[in-house]
Every structure is written in structure tokens, then in C-alpha cells.
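Engineer: In case you want the letters, here they are:
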Amino acid sequence: MILLRNLSRFLKEYYSLLRNEPYLKVNLVFAGIILLVMAYSGIFSPYKNNYPVVCIHEKITGQPCPSCGLSHSFSLILRGRISEAYEWNQYGLRVFLFFISQMAMRITFSVYYMRNGQGRRDLILYDIVGSGIIFLVAFLPFIRMLVLSILN
Amino acid sequence: MEENKSNSAQNLGIAALIVGIITFVLAVIPCVGIMAIIPGIVTIVLASVGLSQASRNNSSKGVILAGLVIGIVAMLISFSQIFVAGRFARHADKWPSDIKEAIEDIRSDVTRDLENSNVNIRIGSHGDTLEINAKTTVKDTRVKQLEDLESGQKEQNDTLKKPQ
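Same order as they appear, the protein sequences are chains U and Y.
Just so you know, we're using numbering that gives the first Met the number 0 here: the first sequence kicks off at 0 and counts up by one.
Just so you know, we're using numbering that gives the first Met the number 0 here: the second sequence kicks off at 0 and counts up by one.
Isolated chain U, as found in the complex (with noise of 0.2 Å):
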């Protein structure tokens, strides 16, 4: 009855803060779009292979680009089949793992913003920071190959 009682007082506060406060949009609204890349991964099954989304680069060329596979790798991973998902793409772990800290990341700096009125200024600062630093980790492979194919 209490935790209600708490939940409900959360929810209320979180409600009149949201209106105001465009930092706790942009947290909901990424939150809300990694759980639909997660549903997305849990709905459409490896072994069926039903995914309505496929590499325009195979379908032209006929040989595979580096981001194939990653859909077959997300749902592997959510399956708990993280050598398999290895084998549909090497950087597919990475990438999860950057959409797991992110949404962790939403949860964690929303309700620290909410909590505390004084620091929200360098809470954003970290969270931009953080964000930034974790992206380049998960995405260097692709960003490299970026890189690469620039410079020659």
C-alpha cells in the first residue's frame, strides 16, 4: 500500500515536471524508442527470419554490408545466444550494449534530475558527455571504416 502510495506521488511529480522540463521529454522519448528496438528484437524470431527490414545493400549488390545481421544479433542476444549473435554480426554485442546503458542511463539521470533541483545544469553535462563517450566506444568500429573510406 505504501509503495502505491509512493508510485502514485512519483508519477504525479514526474507528470507536472514533464510539462516543464523539455530534458525528461527527450529521456522519455528515448527510452520509449529503445524498448520498441527491444520489442522489435523479441517479436521477430532468428529462426523464422520474418524481419520486415532488409539490407538495401545485399538486396543491390548481393553481398552483404557490415550492419547485416544486426537485427538476427540483437534478437540472438535477447535470447541469450550471444555466440551466435556474434557469428550474424561482430559488432551487434556493442551495439546492444550501447541501447542497455542508454536506456539505464535514461531511468538513472530522470529520476536524479527530479530528486535534485540544484545540479541539473551539470547532470546534463554529464549525461551529454557520458552519452558521447559511450557512443564513440559502441560505434568506433563503423566509425573507423567512416574514417577509412574517407581518407582513401
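Misleading hints may appear alongside valid ones.
[To be verified] Listed below are the simulated DSSO-like cross-link pairs for lysine-lysine, each with C-alpha atoms no more than 27 Å apart in a straight line:
| no. | chain 1 | residue 1 | chain 2 | residue 2 |
| --- | --- | --- | --- | --- |
| 1 | Y | K99 | U | K24 |
| 2 | U | K11 | U | K24 |
| 3 | Y | K99 | U | K58 |
| 4 | U | K47 | U | K58 |
If you are wondering where the hints come from, they were derived from the structure by calculation, not from laboratory data.
Model, not experiment: these values are computed from the prediction.
With the hints as your guide, set chain Y onto chain U.
Structural biologist: Structure of chain Y alone, referenced to chain U:
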């Protein structure tokens, strides 16, 4: 009324920021990145409209400018994915000849290995056993042919008979 306009400018800025960040993530992924040009354009349009509204109302522009900058950077990254696509297209041209060469290499390796090998096949059925031994032949035959030619001996196949 003024507050409503200010809110709508800020909402446009938030939308631009969200679409911009999604575009940024998509733009970095090879092959998908080129398609990120479309949400990139949407981001810039949203941010531009938001910015013009915010300038009219003198409201805060921080979020809108962030959305605009991220949108422009994402568009540039998305455009640069053309280089990656070009690189893969160049590699794709080479792939058929590379595969052909690899097949030829494997075929010559297998043929060479089989020429110099002894093959023993044993088949057993109801107590009876049949054994086939195939010893090295091709290399030995070639060496023998060479020795025969050197010693002046001719093989039967090389003789030419005059028709009667």
C-alpha cells in the same frame, strides 16, 4: 498566447533534438547511414521553424540550436556514407575474380596432394573384406617417362605405324 507560441517553439526544438540524435546514430551505421539523409532534413526543417518562432518570441533557443547542430552534423556524416558505399562497390567488383582465384588455388592444391598420396580403401561386409590400395602414380609415371626418354626407350603409344 505569447506563452503558447514560446512552448510550441520549444516543442519543435525538442522534436528536432530527438530526431537529430536518432539521425546521428543511424548515420554512423554503414549502408543504413545514407537513408539518414531524410530524417536529417526533417531535423533541420523542425529546428529552423522552431528557431524562427523562438526569435520572434524572444524565448530560449538552447534546445533548438542543439537540435540544429546535431541535425547538420548527422546530415554531413550521412552524406559521407557515400564514400563507404563506393568503397564496398569497388570491393564488390573484385570479389568474383578473388573467389575464382581462390577456387583455382584450392583445386591445384587438392590435385597436387592427391597426386602424391597413397589411398587405402577398405570395405567390409558380413565378414568379407575388400581392400583397394592406390599408390602414387602420376609423379612416378612422369619420372619414369622422363627416364625412358633419356635412355632412348620409346613407349608403345609413341610408335607410328604406316597404314597397309
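Engineer: Now, for every hint given, state plainly whether the structure supports it.
Structural biologist: Outcome of the hint check:
For the hint linking K99/Y to K24/U, the alpha-carbon distance of about 56 Å lies beyond 27 Å, and the restraint is violated. Distance hint between K11/U and K24/U is fulfilled; the C-alpha atoms sit about 15 Å from each other, no more than 27 Å. Note on K99/Y and K58/U: the hinted pairing holds, with a Cα-Cα distance of about 22 Å set against a maximum of 27 Å. Between K47/U and K58/U, the direct Cα distance comes to roughly 19 Å. Compliance with the 27 Å bound is thereby established for this hinted pair.
Comparing the model with each earlier hint shows a violation of hint 1 alone; every other hint is respected.
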